[in-house]
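Novice: Chain by chain, the residues run as shown.
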Amino acid sequence: MTAFSADASRTLGGPDWLTRRRSAAAERLADLVWPSTAEEIWRYSAVDRFDPDRYAPVPAGELGPPGAEAVPGGGLLAAEAGERSGLVVVRNGRVVRHELDPALEARGVRVQGLATDTDGVAEPWLGRCSDASPDAFTVLHDAFLAGGAFVHVPRGVVVSAPIVVLHWSEGDGRATFPHTLVVAEEGSEVSVVDRYSSRGRDHLVDAVVELLVGDGAHVRYLSVQEHGPETWQVALQRAHLGRDAGLRASAVALGGDYARLRSETRLDGPGAESDLLAVYFGDGHQMHDFRTLQDHTAPSTRSNLLFKGAVEDEAHSVYSGLVRLRPEAQRSEAYQTNRNLVLTDGAGAESIPNLEIEANDVRCSHASTVGPVDDDQRYYLATRGIPPEEADRLIVMGFFEDVLNRLPVRSLVTPIRAAVTRKIEQRGGVRA
Amino acid sequence: MAASDIDLGSYKLGWSDTEQYVYKPKKGLNETVVRDISHYKSEPEWMTKFRVNALTRFERKPMLEWFARNMPDIDFDDIYYYIKPTEKQVSDWDMLPEEMKTTYERLGIPEAERKFLAGVTAQYESEVVYHKNREDLEALGVLFTDMDTAVREHPEIVQQHFGTVIPPGDNKFAALNSAVWSGGSFIYVPPGVHVDMPLQAYFRINAENAGQFERTLIIADEGASVHYVEGCSAPVYSSDSLHSAVVELIAKPGARIRYTTIQNWSPNVYNLVTKRARAEAEATVEWIDGNLGSKLTMKYPAVVLTGPKAHGEVLSVAYAGPGQHQDAGAKMTHVAPETTSIIDSKSISKDGGRTTYRGLVRVEDGAYGVKSHVRCDALILDEESRSDTYPYMEIEEQDARVGHEATVSKVGDDQLFYLMSRGLDEQQATAMIVNGFIEPITKTLPMEYAVELSRLIELNMEGAVG
Numbered sequence: 001m002t003a004f005s006a007d008a009s010r011t012l013g014g015p016d017w018l019t020r021r022r023s024a025a026a027e028r029l030a031d032l033v034w035p036s037t038a039e040e041i042w043r044y045s046a047v048d049r050f051d052p053d054r055y056a057p058v059p060a061g062e063l064g065p066p067g068a069e070a071v072p073g074g075g076l077l078a079a080e081a082g083e084r085s086g087l088v089v090v091r092n093g094r095v096v097r098h099e100l101d102p103a104l105e106a107r108g109v110r111v112q113g114l115a116t117d118t119d120g121v122a123e124p125w126l127g128r129c130s131d132a133s134p135d136a137f138t139v140l141h142d143a144f145l146a147g148g149a150f151v152h153v154p155r156g157v158v159v160s161a162p163i164v165v166l167h168w169s170e171g172d173g174r175a176t177f178p179h180t181l182v183v184a185e186e187g188s189e190v191s192v193v194d195r196y197s198s199r200g201r202d203h204l205v206d207a208v209v210e211l212l213v214g215d216g217a218h219v220r221y222l223s224v225q226e227h228g229p230e231t232w233q234v235a236l237q238r239a240h241l242g243r244d245a246g247l248r249a250s251a252v253a254l255g256g257d258y259a260r261l262r263s264e265t266r267l268d269g270p271g272a273e274s275d276l277l278a279v280y281f282g283d284g285h286q287m288h289d290f291r292t293l294q295d296h297t298a299p300s301t302r303s304n305l306l307f308k309g310a311v312e313d314e315a316h317s318v319y320s321g322l323v324r325l326r327p328e329a330q331r332s333e334a335y336q337t338n339r340n341l342v343l344t345d346g347a348g349a350e351s352i353p354n355l356e357i358e359a360n361d362v363r364c365s366h367a368s369t370v371g372p373v374d375d376d377q378r379y380y381l382a383t384r385g386i387p388p389e390e391a392d393r394l395i396v397m398g399f400f401e402d403v404l405n406r407l408p409v410r411s412l413v414t415p416i417r418a419a420v421t422r423k424i425e426q427r428g429g430v431r432a
Numbered sequence: 001m002a003a004s005d006i007d008l009g010s011y012k013l014g015w016s017d018t019e020q021y022v023y024k025p026k027k028g029l030n031e032t033v034v035r036d037i038s039h040y041k042s043e044p045e046w047m048t049k050f051r052v053n054a055l056t057r058f059e060r061k062p063m064l065e066w067f068a069r070n071m072p073d074i075d076f077d078d079i080y081y082y083i084k085p086t087e088k089q090v091s092d093w094d095m096l097p098e099e100m101k102t103t104y105e106r107l108g109i110p111e112a113e114r115k116f117l118a119g120v121t122a123q124y125e126s127e128v129v130y131h132k133n134r135e136d137l138e139a140l141g142v143l144f145t146d147m148d149t150a151v152r153e154h155p156e157i158v159q160q161h162f163g164t165v166i167p168p169g170d171n172k173f174a175a176l177n178s179a180v181w182s183g184g185s186f187i188y189v190p191p192g193v194h195v196d197m198p199l200q201a202y203f204r205i206n207a208e209n210a211g212q213f214e215r216t217l218i219i220a221d222e223g224a225s226v227h228y229v230e231g232c233s234a235p236v237y238s239s240d241s242l243h244s245a246v247v248e249l250i251a252k253p254g255a256r257i258r259y260t261t262i263q264n265w266s267p268n269v270y271n272l273v274t275k276r277a278r279a280e281a282e283a284t285v286e287w288i289d290g291n292l293g294s295k296l297t298m299k300y301p302a303v304v305l306t307g308p309k310a311h312g313e314v315l316s317v318a319y320a321g322p323g324q325h326q327d328a329g330a331k332m333t334h335v336a337p338e339t340t341s342i343i344d345s346k347s348i349s350k351d352g353g354r355t356t357y358r359g360l361v362r363v364e365d366g367a368y369g370v371k372s373h374v375r376c377d378a379l380i381l382d383e384e385s386r387s388d389t390y391p392y393m394e395i396e397e398q399d400a401r402v403g404h405e406a407t408v409s410k411v412g413d414d415q416l417f418y419l420m421s422r423g424l425d426e427q428q429a430t431a432m433i434v435n436g437f438i439e440p441i442t443k444t445l446p447m448e449y450a451v452e453l454s455r456l457i458e459l460n461m462e463g464a465v466g
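Just so you know, the sequences run in chain order A and B.
Under our numbering, the very last position in the first sequence is 432; numbers go up by exactly one each time.
Under our numbering, the very last position in the second sequence is 466; numbers go up by exactly one each time.
In short, the hints are calculated from the structure, not lab data.
In this text, all values refer to a predicted model and were calculated from it rather than measured experimentally.
Treat the hints loosely; a few may be bogus.
[Said to hold, decoys possible] Label pairs and their computed distance ranges (CB to CB): (1) B/Trp66 with A/Asn405: 38 to 44 Å; (2) A/Glu27 with B/Lys27: 21 to 27 Å; (3) A/Asp376 with B/Glu439: 30 to 36 Å; (4) B/Glu384 with A/Pro388: 54 to 60 Å; (5) A/Gly398 with B/Ser421: 32 to 38 Å; (6) B/Glu439 with A/Arg43: 44 to 50 Å.
[Stated by the list, open to error] Per the computed footprint, the stretches of chain A lying under chain B, defined by three or more beta-carbons under 8 Å from a beta-carbon of chain B, are: (7) 137-150; (8) 293-301; (9) 353-359.
Beta carbons are placed, not taken as given, at the ideal position from N, Cα and C, and that holds for glycine.
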């Protein structure tokens, strides 16, 4: 654990409250034990290949002062961000630019970087979700959190166009720690989009997303991951939902060498509802690894999950999900579906949908499938004169379509569909 | 578990007999105990070696974390590993010692034999005490004996197959069984022979703190078929007993084996059983598993599909009442192409009981054209009970179609309402719905067993309010 020292953590600076949180985590670095695949939650993962010595945090000097933008206007990514009410650009885990519709600013909506939050507005919220589900990577994250994005929507305020957060990480052998903290207070509504990109040899992205959805609030959240081919991502996305709160969250995973996302939702308030979607497509030697948790701790809560993935070449994917209905969660419903297409020999998919049910007056089901492209569908398209490669591409896109079509941020459905298509076509189509 | 926690009322097989044993060594496990068992049985040298080797493996193997979590209070030194209840095995019912005869008569064993079975084995503690085979089957070359006799009388078949499906190092409890095994059944069905009626065995633990480690090996040679049925029970004691069997099935090309278990151990028995079958080309193996008793059952019948077009099936019903945990499941390993498997699991938990389905479907690289379907349904009858589902799928072959689905629910209000509007009370209606829920399994059983299973479930349901 050479480069990730308490000293390195201290150089990051920022407001006192943030430094205190960092140093509390940094004290634990010395005793940090990296997980192995012997632990159930890491089973099938690539964590045994993880070598912390290959990475070092980005030094304070390279990060520059908070708010100093290296690429004006958010660079290329911002150009296709589309309609939005706010934009945050995060470079190597620190916010370098943020803007917000002045009308919303006037109503008290806050969009800014944690490192420039000198009033400590974010302090009571930061870590509310991630502290409830720690592992070695969240401790590392907390020790080197340079200053991620903070979105705060006050009571009753409705933000109609999405707030777009662009995370850009780069540097050979660097580790970055992007953070997105969304606080939607009682009765508010907001849509947030996180877009992750990275480049560099041996890059590690250790990200955390916290979604605090207050009583009666509604959050739509979309994360799109297009990391570079040598990037490792180990991320936690965790949401806590209050009474009658609603969350529609989805993830699109296309990039990375090994890209892991823990997606956890805790339904704390009666009447809370969450809808979770994901699309992932891996090729080459990529590995996409999802661990989901739908944790129902209150009565009359409802959650629904649909994760769809495809793998080709030597790519692998893991879906491991748990639905937990605690004894208090009477009259709740929980559904979980994972479907996988294995497109080539050599690719593989693991699917483990788990249930732990401690209440009886519930409805709960899960389903999962792993299989190749259906020959009947191929045959049908062949009889219509569609060449085999084109047919497979259509079938894969059709397979993803029911998720793409339901993505919570409408304005991004078309660009994301294009990105998925690009990814499928990039390797000369799907080989049968 | 304290004595006061045990509900004697609902467990009908919980009496115990006076102990009159020929041989009952000290508690605990070491090489002397293992060598003594082998010596007592006048075993050949290879079996003694097999046992001692297995003991080393048992001592070396760590307790798996999730095993340890399920049974924090097991003490391997507080168990009798071998108890010899009687001097010799009999085939005339009247020659059994009076206590045992009463026990088995209360369990309905001779009656079962008279009625519909092709052969019966009864095991009491560590040894098979009664054995009877139908003569016409013997004439066809069907071998049906207890395992100890088989080691002595059919050494060539036994040595060739024993421990080949479940080697001693497979897991800690298989190693334990391999070291101290005693009793169990041995069946060999020659090529092309169909045994048209089920062969049966009944296992009974009587002494307190006793361990029962029977070992069963069934070989169906090419194109043969056989159905084997086992039942089990034990008295209710304040301290726990351990049942840790190893069952190996070998279905040669085109053969068919069906293995039915109605497990009704008393709620102080740890039931940790390793069951695995090898299905060769075009063979079929079916495990039918009813788990009603025991304090904790951890049992995952497996089929390794080694030959093309082999088929494996596990149909299981689990019922967990107060203080019970049924951690059961199934394992299908598809090694050969065009193999297929079905897992159908139904579980019911009530009065604080906990049911767990834990399963694995694995498709090896090169096993093209595999189809597998897993279905788990759980009924939770009250607020105190719980149900877990952990289905693993590991697919290394692109051309495999594997699916899993599960549901967890309570007894439907509309179903209850419908039945009660037809004049049933709530308890009868709930029992009827539960019986309907497990019907896909009961209909595969011989009729007497189907009736017994339904009755056992109804007994357990008494006093139930859905």
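Novice: Between B/Glu384 and A/Pro388, does the beta-carbon spacing fit 54 to 60 Å?
Specialist: Once the Cβ atoms are compared, 56 Å apart, the range 54 to 60 Å for A/Pro388 and B/Glu384 holds.
Novice: Do three or more residues of the region 137-150 of chain A come closer than 8 Å to chain B, measuring C-beta to C-beta?
Specialist: violated (count 0)
Novice: Please check whether B/Glu439 and A/Arg43 have a Cβ separation lying inside 44 to 50 Å.
Specialist: Given about 36 Å between the Cβ atoms, the range is violated.
Novice: Taking the Cβ atom of B/Trp66 and the Cβ atom of A/Asn405, is their distance within the range 38 to 44 Å?
Specialist: Check passed, 40 Å falls within 38 to 44 Å.
Novice: With a cut-off of 8 Å between beta carbons, are at least three residues of the region 293-301 of chain A near chain B?
Specialist: violated (count 0)
Novice: Does the hinted range 30 to 36 Å hold for A/Asp376 and B/Glu439 at CB?
Specialist: Holds: the Cβ-Cβ distance is about 33 Å, inside 30 to 36 Å.
Novice: That 32 to 38 Å hint for A/Gly398 and B/Ser421 (C-beta), does it hold up?
Specialist: 46 Å, violated
Novice: Checking C-beta pairs, does the region 353-359 of chain A have three or more residues closer than 8 Å to chain B?
Specialist: It holds: at least three residues are needed, and the region 353-359 of chain A offers 7 whose Cβ sits within less than 8 Å of chain B.
Novice: Is the gap between the beta carbons of A/Glu27 and B/Lys27 within 21 to 27 Å?
Specialist: Since the Cβ atoms of A/Glu27 and B/Lys27 sit about 49 Å apart, the hinted range of 21 to 27 Å is violated.
Consistency note: the structure conflicts with the earlier hints numbered 2, 5, 6, 7, 8.
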